[in-house]
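Can you join these two chains into the complex? Each is in its own frame, and there are hints to help.
What follows is each chain in one-letter form.
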Amino acid sequence: MTRFADLSIRVYAAALPLYPPELRRDFGVEMTAVFAEDLEEAWRSAGLAGVIRVWSRAGWEVVRIALPGLVTNPAIGVPLLSFVQSVGALTTEVLLSHGRLSAPVLLLPGLAAALTSIAAVRAGKLGLPVPLEL
Amino acid sequence: MEQSKPPLPPAAFLILFALAGGDKHGYAIMREARKLSDGGLNIGPATLYTSIQRLLESGWIEEVAGPNGSDSRRRYYGITRPGDSALSGELKRMETMVKKSKAMRLRSAEPVS
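So the protein lines, in turn, are chains A and B.
Residue numbering for the first sequence follows this note's numbering, beginning at 1 and increasing consecutively.
Residue numbering for the second sequence follows this note's numbering, beginning at 1 and increasing consecutively.
Please note that the accuracy of each hint is not assured.
As the list claims (entries may be wrong) - A few chain B residues that face chain A, going by a derived Cβ cut-off under 10 Å, partial list only: (1) Gly26; (2) Asn42; (3) Ile43; (4) Thr50; (5) Ser70; (6) Arg81; (7) Lys102.
As the list claims (entries may be wrong) - Which bits of chain A does chain B cover? Going by a derived footprint, with three or more residues having C-beta under 8 Å, they are: (8) 21 to 28; (9) 31 to 39; (10) 79 to 90.
Quick caveat, the hints were computed from the structure, so don't treat them as lab data.
Glycine residues also receive a C-beta, built at the ideal position from the N, C-alpha and C atoms.
This is chain B alone, in the form it adopts within the complex (with noise of 0.2 Å):
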């Protein structure tokens, strides 16, 4: 049986889910993850650089150019293909989870009306 890996930190998958979106400098990334997670995750800068050094470390994001015309003094960020496959084994993990809830019939599992 294949061992599932743990599942993201919940401030390293927003940044990555926002990087699927295209690259972005880090107050687009900070702005777009509270914006996914709907204000649930305050998100502030030391936060926000704490989890991008430990992306850039393990390979899943990385520093690119930015568009013509930006400003120089920002830094631009990506995401690398292996932090693409991690990204879609967290939402597979998630898809599974609300599966196998609603299968136990979870009540927090049915949609809010």
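Pulled out of the complex, with its shape left as it was, chain A reads as follows (with noise of 0.2 Å):
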């Protein structure tokens, strides 16, 4: 368990830089302390189903809490949206060529990129703080 640890707390830490600038500067080591702890303990208690639950919570947090940040920052939201814009046209693409999609399919990716868009601008326009939950 002490290498896997070892590196999921490499991991960990190297995932904070997608957390808000200000979380992360004022208790990035504590959040990497907190979760090598959480990890112990839930080895120690449960095995690998234990240490699945820590990481599958850790990930959503990402999802929850560091991803909408990134977005609403246009620094990072507009690229992001558009490699996610071209991501999503490529495997149309594909897909296309292997006559896997049928027509309406095709305006999902496009109507989904195009919402996110509007709703980053919108965020970044009006200076809106990322929701964060407490």
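In structure tokens, the structure reads:
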């Protein structure tokens, strides 16, 4: 477990830049320490299932807390959305060339990309803070 | 008529609840909060420290000195008087809701046997 735990802690610490800068600056070290303790305790009490639980919780927190901050930050959000759109377009093209897509489905990636772009631009223009849940 | 305050977010409530029992460091708060919620609220490090950050800004909790001989790398947190009164207010609000639901004879208010 020690090697896996070390690797896990390193991966968690490496993902910290995804979180809002103030949170990372003030609590990054503590967050990593708490993650490490949680991982150790989970391994002791529930083995692999516990470790998976700790990691899934950490992953969910990235989606819930880190990603909204990234998307509404224009410096990161715009390139990120462009990347997502490119991947969507490429996937659509590949599926189309293999005859696996029907016409209405073609509209969905574009619609989703347009909606997320509008949401990000609106949040950026209005200077809204990222809604972090307490 | 007095306007009631909005309910506390679950993580903030549980952190205040955990600290009402005494000063604690981050991991101890997380463990206690999970215990208090019977595993219902799965707080991870990011949720914990996002809430701690907000509670510190609100002045509801504060950083305190750890007990003698404690690990100097750990930061300890304690509840403040305004935090204590916010917690009491929330508990009172919950109590009122339970009383109301009992008065309305809602099935969900009946204790599970």
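Hint check:
no.	hint	in the structure
1	Gly26	holds, 5 Å
2	Asn42	holds, 6 Å
3	Ile43	holds, 8 Å
4	Thr50	holds, 5 Å
5	Ser70	violated, 14 Å
6	Arg81	violated, 20 Å
7	Lys102	violated, 29 Å
8	21 to 28	holds (count 4)
9	31 to 39	holds (count 7)
10	79 to 90	violated (count 0)
When the structure is compared with the earlier hints, violations turn up for hints 5, 6, 7 and 10 and for no others.
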